[in-house]
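2 protein chains.
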Amino acid sequence: MEIIRTVEEMKARARALRSDGSVVGFVPTMGSLHEGHLSLVRMAGELSDSVVVSIFVNPTQFGPNEDLDRYPHDLERDVALLEDAGAAIVFAPEASDIYPRGYATVVHVQRLGEKLCGAFRPGHFDGVCSVVAKLFEIVRPNLAVFGQKDGQQAAILERMVADLEMDVRIIRGPTVREPDGLALSSRNNYLSDEERAEAPVLYASLEHARSLYDSGETDAAKVLGAVRAMIESKPHARVQYISAVDWKSLDDVTELRAGTMLVLAVFFGKTRLIDNLVLGG
Amino acid sequence: MEIIRTVEEMKARARALRSDGSVVGFVPTMGSLHEGHLSLVRMAGELSDSVVVSIFVNPTQFGPNEDLDRYPHDLERDVALLEDAGAAIVFAPEASDIYPRGYATVVHVQRLGEKLCGAFRPGHFDGVCSVVAKLFEIVRPNLAVFGQKDGQQAAILERMVADLEMDVRIIRGPTVREPDGLALSSRNNYLSDEERAEAPVLYASLEHARSLYDSGETDAAKVLGAVRAMIESKPHARVQYISAVDWKSLDDVTELRAGTMLVLAVFFGKTRLIDNLVLGG
Chain A
668 MEIIRTVEEM
678 KARARALRSD
688 GSVVGFVPTM
698 GSLHEGHLSL
708 VRMAGELSDS
718 VVVSIFVNPT
728 QFGPNEDLDR
738 YPHDLERDVA
748 LLEDAGAAIV
758 FAPEASDIYP
768 RGYATVVHVQ
778 RLGEKLCGAF
788 RPGHFDGVCS
798 VVAKLFEIVR
808 PNLAVFGQKD
818 GQQAAILERM
828 VADLEMDVRI
838 IRGPTVREPD
848 GLALSSRNNY
858 LSDEERAEAP
868 VLYASLEHAR
878 SLYDSGETDA
888 AKVLGAVRAM
898 IESKPHARVQ
908 YISAVDWKSL
918 DDVTELRAGT
928 MLVLAVFFGK
938 TRLIDNLVLG
948 G
Chain B
668 MEIIRTVEEM
678 KARARALRSD
688 GSVVGFVPTM
698 GSLHEGHLSL
708 VRMAGELSDS
718 VVVSIFVNPT
728 QFGPNEDLDR
738 YPHDLERDVA
748 LLEDAGAAIV
758 FAPEASDIYP
768 RGYATVVHVQ
778 RLGEKLCGAF
788 RPGHFDGVCS
798 VVAKLFEIVR
808 PNLAVFGQKD
818 GQQAAILERM
828 VADLEMDVRI
838 IRGPTVREPD
848 GLALSSRNNY
858 LSDEERAEAP
868 VLYASLEHAR
878 SLYDSGETDA
888 AKVLGAVRAM
898 IESKPHARVQ
908 YISAVDWKSL
918 DDVTELRAGT
928 MLVLAVFFGK
938 TRLIDNLVLG
948 G
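Those protein sequence lines, which keep their order, are chains A and B. Here this note's numbering is used: position 89 in the first sequence is 756, and no number is missing along the way. Here this note's numbering is used: position 208 in the second sequence is 875, and no number is missing along the way.
You may find that some hints are simply not true.
When chains are identical, the list treats them as one kind, so a pair holds in a single copy or across two.
Taking lysine to any residue pairs in the SDA-like style, the calculated list, with each CA pair at most 25 Å apart, reads [claimed, not checked]:
hint	residue 1	residue 2
1	K782	A771
2	K937	H903
3	K915	Y870
4	K915	R768
5	K782	D817
Bear in mind the hints are in silico, worked out from the structure with no lab data behind them.
Generate the whole structure from the sequences, applying the supplied hints.
See below:
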């Protein structure tokens, strides 16, 4: 496995790969890898000849009061995990290389990027879209895999790629969960024991919503109310939002149907967790 | 010369050209072509194997009170001129193909896109950057030629390309002028005879500024004052802005030097004209 630390070198390497006719798969990450990321790397491996994984804690997608400073870093551990997962190249650039002096360009996805998490984290998705657009130019992948755990992010990036006619296929990898249902996230480590004990209510409430839908209930307001009630029964939980949207357009829905994404953000103490579930046909 | 009317067909054709190893030059236009555009096409021809010219009156770069509706269209005439100028492909898509239902992505260049024309035409450069980013993905050129006449636009696009690591070289073609110095523009046709008679003052005032600089005056405020006085001596002229900026960063300068761009926007009646001049070494 190669480790590449500069934009220049990554561009040269990516172009050499493409001119060989290799199918290049790409998994952008912020490091601090867990089984969720590794499942995306393995999925990319199934679909391509060479998998590039970027590790870059992107400062522009953190708000001023968010956890950029305490975001965990352990490149050596991440590299070992990626080697096992079959990555061909790890691209771990410095922030000064991605954002040199004078950097000024922002990619914004209207509507989809302004609601749900976007309403509470202004600029977050601009940071995500801009860095992903740039990473796509550097790495020139045929396909890129993102986790359904960040369902809004995936929908926004699919929109960006379609809108700008970028030559990359976006693939969503399924959410990986702990045995008790909690979606894997680097931020789970911030939870106290008490908060950690309560956090599985997020997926449990989404599963409850699915069972209501499966038994014929399609009134979004009713189902979302049931989700909220379950979550609010936990003393450390504070709901930021719970919504029902189309999983691709992110338009709000009032009647649940196949392709509806139930999506939520909930604080446990100071730690903000997100999760979602897409209803089937 | 080929005429291509759909994004899909242009993408396929561009990828075939690139896989042949052809160097592709690109000149994006809004049609209504004049010698200024044609000089860019010929310049692209000198530097590449195949020149693609797009003709697309991009609605998103016009403000609500601007001249989108009266912007001139004559595809047949434009096609004949481009054939003579040596273009290989004319790409003339429909707006509904570039902006399908649900389109949501905007590329914004901070600072450089927010001053000068950007301060008076909110959203204009977002429209330009977004459509150019998309056209670059569709046409995949090795190089693209833009007129120095739109000096701020060229600097913004150079910034965007550098920031996002796009694989295209931006080249600025010199401004083509009428014998009396007026920069060629589709909008010159809107001028009344009286306004047309006064409009050459724009370039005359910029040339006067250059002669002041050449004789040792480097105080930007003084030189800009002299430019303003010359222009305001014309009864139909109304200055929107006159500035001295670095031609690449667009940062304001107080001391003129090589690479300073003197840049202005002036109304004659309802018609807004722009011009600029870059000081030499």
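These are the hints, each one checked on the structure:
| no. | hint | in the structure |
| --- | --- | --- |
| 1 | K782 - A771 | both (24 Å within a copy, 13 Å between copies) |
| 2 | K937 - H903 | within (10 Å within a copy, 62 Å between copies) |
| 3 | K915 - Y870 | within (21 Å within a copy, 52 Å between copies) |
| 4 | K915 - R768 | between (36 Å within a copy, 14 Å between copies) |
| 5 | K782 - D817 | within (14 Å within a copy, 36 Å between copies) |
Every hint, counting from the list given before, is met by this structure.
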